[in-house]
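Construct the complete structure from the given sequences, taking the supplied hints into account.
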Amino acid sequence: MKAIVCTKYGPPEVLQLKELAKPAPKKNEVLLKIYATTVTTGDIVDRSGKVSAWAWLPTRLFMGFRKPRRAIPGADLAGQVEAVGAEVTRFKAGDQVFGSTGWGSGAYAEYKCIPEDGVLTKKPPDVSYET
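So for the sequence shown, the numbering used here puts the first residue at 21; every next one is plus one.
Hints in this document: simulated from the structure, not taken from any laboratory. Since this is a predicted model, take the numbers as computed values, not measurements. Don't take each hint at face value.
[Stated by the list, open to error] Computed list of lysine-lysine pairs in DSS-like fashion (alpha-carbon distance at most 30 Å, straight line):
#1 142 <-> 112
#2 53 <-> 28
#3 47 <-> 142
#4 42 <-> 87
#5 53 <-> 143
#6 142 <-> 46
#7 87 <-> 70
#8 87 <-> 38
#9 38 <-> 28
#10 143 <-> 47
#11 53 <-> 42
#12 22 <-> 112
#13 112 <-> 28
#14 38 <-> 112
#15 112 <-> 143
Structure below.
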């Protein structure tokens, strides 16, 4: 799968398009084919690594010291369930959904696994992925 990867803190040029292995859902996860995501100011601040002096240490403890701990940015997503884990009951392959990866990041990719009980719900049929 293709994904945008942040290899270090800095300007937009630190983002790279890379080919990565397609994830496989665990027993309680759904595998999503992502059709839309957001680019937010939070993503930009996280990528830049620039925070106020008093927040530097806590931020780097959480985000990573030399480079972002979670290499694939992006939190919000919309897409279609491609596969489900053995214990998933709320979703099935083909369901159109939207939600958030939460603190997990990873929405700047073609595929993402999210726990069934995560921030994920079915998309109304009259709402586009982009909306």
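Results for each hint:
1. 142 <-> 112: Status holds; Cα separation ~10 Å.
2. 53 <-> 28: holds (26 Å)
3. 47 <-> 142: Holds. Residue 47 to residue 142 sits at ~20 Å (cutoff 30 Å).
4. 42 <-> 87: At roughly 23 Å apart (the allowed maximum being 30 Å), residue 87 and residue 42 satisfy the hint.
5. 53 <-> 143: holds (14 Å)
6. 142 <-> 46: OK: residue 142 and residue 46 at ~20 Å, within 30 Å.
7. 87 <-> 70: holds (12 Å)
8. 87 <-> 38: With a Cα-Cα distance of about 17 Å, the restraint between residue 87 and residue 38 holds, given a limit of 30 Å.
9. 38 <-> 28: holds (14 Å)
10. 143 <-> 47: Distance ~23 Å between residue 143 and residue 47 Cα, so the pair holds.
11. 53 <-> 42: Satisfied, since the Cα-Cα distance of roughly 10 Å is no more than 30 Å.
12. 22 <-> 112: holds (24 Å)
13. 112 <-> 28: Judged against 30 Å, a Cα distance of about 37 Å means the pair is violated.
14. 38 <-> 112: Given pair residue 38, residue 112 holds - Cα atoms ~29 Å apart, limit 30 Å.
15. 112 <-> 143: holds (13 Å)
In this structure, the one hint that does not hold is number 13.
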